[in-house]
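Trainee: So the protein sequences, as listed, match chains S and B.
Position 9 of the first sequence, counting from 1, maps to 9 under this note's numbering, and the rest follow consecutively.
Position 222 of the second sequence, counting from 1, maps to 222 under this note's numbering, and the rest follow consecutively.
Worth flagging that the hints you see were computed from the coordinates, not collected in a lab.
Treat the hints with care, since some could be wrong.
[To be verified] Residues from chain S shown here face chain B by an in silico Cβ test under 7 Å; the list is partial: (1) M56; (2) I59; (3) M102; (4) W127; (5) A186; (6) V189; (7) L217; (8) G218; (9) D264.
Here the structure is a predicted model, which means the values were calculated and not measured.
The C-beta atom is built at its ideal place from N, Cα and C for all residues, glycine as well.
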Amino acid sequence: MATPLLDVRGLTVRFRTERGELTAVDDVSFSLEAGQTLAIVGESGSGKSVTAMSLMRLIPDPPGRITAGQVLFEGQDLLQLSESQMRAIRGDRIAMVFQEPMSSLNPSLTVGKQIAEPVNLHRGTAWKRAYLVARALLERVRIPDAGSRLQTYPHQYSGGMRQRVMIAMALACQPKLIIADEPTTALDVTVQAQILDLLKELTRETGAALILITHDLGVVARYADRVAVMYGGRVVEQADAATLYARPQHPYTQGLLASIPRLDGEAGKRLVPIPGSPPDLARLPAGCAFAPRCGRADATCTASRPPLRALPDHHLSACHHDAL
Amino acid sequence: MTPSEAAAPPVPRGQELLRVEDLKVHFPLPGGGLLRRSAGAVKAVDGVSFTLNAGETLGLVGESGCGKSTTGLAVLRMLPLSAGRIHFEGQDITAQHARGATFRRRMQMVYQDPYGSLNPRMKVRELIGEPLQVHGLAGDRAGYEARIAGLLQTVGLLPDMAERYPHEFSGGQRQRIGIARALALEPSLLICDEPVSALDVSIQAQVVNVLQELQERLGLGYLFIAHDLAVVRHLSHRVAVMYLGRIVEIAGRDELYRAPLHPYTQALLSAVPVADPAVEAQRQRVVVQGEVPSVLKPPPGCRFHTRCPQAMARCRSEDPPLADLGQGRAVACHLHSAAPAPRVVPIAAAA
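All chains should be built: construct the whole structure from the sequences, respecting the hints.
Mentor: In structure tokens:
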């Protein structure tokens, strides 16, 4: 089998907080092929965003620290690179699209300059030519009147348009991997669909892989090829999207799917909520993090953490009851 | 029986509880110059009419800037009305002063943010009891304590939680405290503005179920304002879709979701992904371009024509009225001004 584009092995990230040290990402592993879309789903505190930031080595240290693991990108461990080597990769071969375009764009630089900058920086393209690339990119993300838009500033754009600018920036150096952290959470639903359709279409055209960080199980179903479900800093289930929705194995995944109303479900039928609330990472239980909310939990679950075990169809699940 | 169940609602289930007629909420824009003359107005809500029966949920959906939250606040009279009439429990409350008025006991609000809407320095007992104190309904000590305990039980919390502070609770529990507080004055109408959207996915269902159970038990009417179309479908009996200050379509839940008539409703439903890759793979989608225009300068004619895939010449100049198509359904679209010809956009293609 060919080397995957991205192979994350045993990634562990710890944070020092007022309430002691906590493990935000605990022994997380996944891999991704070129052209694939992997969704990392989870609720607040699940570790999904910290995972994304760690891949780019963007965790502020202190308080955070990557304490273990490997992030093999095209066979090279990003965690072993110097900061300047890492800078050469960020925005070039790996690009990121953030949730809040307004806070990730520089308000005092023109949109043209911000898109042209990585082209100039990473490719050594002269500014004049880099602006031409920027213009082509704005057209590609379907910003009307791209030529005259180069000289405008982020505040002159709507939320959806800003996110298009972010995507244009991300695409500037034809990255192999795009990491999108809740890219549409702040947007209206019709605009959300436009932006995600665009991202998906562009990755199809360029062959880039996409990591989509989200809490929305509908978005995952529509756009992802493969899914990793995170809970309490760990991946508790991982499978191809079709398999995960057809045969969810982990009680947390099953619970999530049963607790959300669906547009095509039986209207008004009582939802089955998951009792309790997501765990506090500073006070994780000794055993399975989901055990306090799980209907199937027994003495084994509270005593020991279930490892991620392989099931048929490239399906992984971390539950002591999987063997049943 | 908890005290909240003792008082029967004066409007029987199925009878009209709230009627809103041609509601307008305009915010004047300060103009420049010496005289600071107004430079026009933001027409946040611009001619909205609907009714709501006791025991019924009307979902109010739309994207940001459509006026759904402003409508809720205006019904509560927390914002001044520019025009229109509001009838509640058979009375015209348009001219009544909101402060201290009886109707303000009978309609209560459930807020979006369970973190920001509860005073962190008050114990749960005080938070829930405050409305009773304010309205002078606290009564004797024993009765008051029993009332607080009853309210906590009503929303699925334990009576001994009354001694705790909001930070000791999870988001879902806090939202239930907010609901208990809203129920303290025995309202007949709850205005719920995005009551679950700030909550984690796994706990939204806890609050959704509490709202459903309360309605069944107490016969409350809900004006349920939300952008999540799946949650709205789950809880609502009828749904109104808003766009730039207007209702563009209103219909019974099943009719609206099965065969949306307005192109905006079709696009909105189509944009929402279903949590099932098998369904998504076969789904026909209606895609609209662009974003919601600024409410400061709504387009002339039909306000949706700039994004509508079916816009005609007439739509650019002529504003379509909300035409009653019978059976509780009304649509503001030139395609449907006469007899209805529903275009069925199924969620899943027929097998």
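Trainee: Give a verdict on every hint.
Mentor: Cross-check of the supplied hints:
1. M56: violated, 25 Å
2. I59: Since the shortest Cβ distance to chain B is 23 Å, the answer is violated.
3. M102: Interface hint status for M102(S): violated (14 Å vs cutoff 7 Å).
4. W127: violated, 31 Å
5. A186: Constraint on A186(S) not satisfied, violated at 10 Å.
6. V189: Hint holds; V189(S) Cβ to chain B Cβ min 5 Å, cut 7 Å.
7. L217: holds, 4 Å
8. G218: Since the shortest Cβ distance to chain B is 3 Å, the answer is holds.
9. D264: holds, 4 Å
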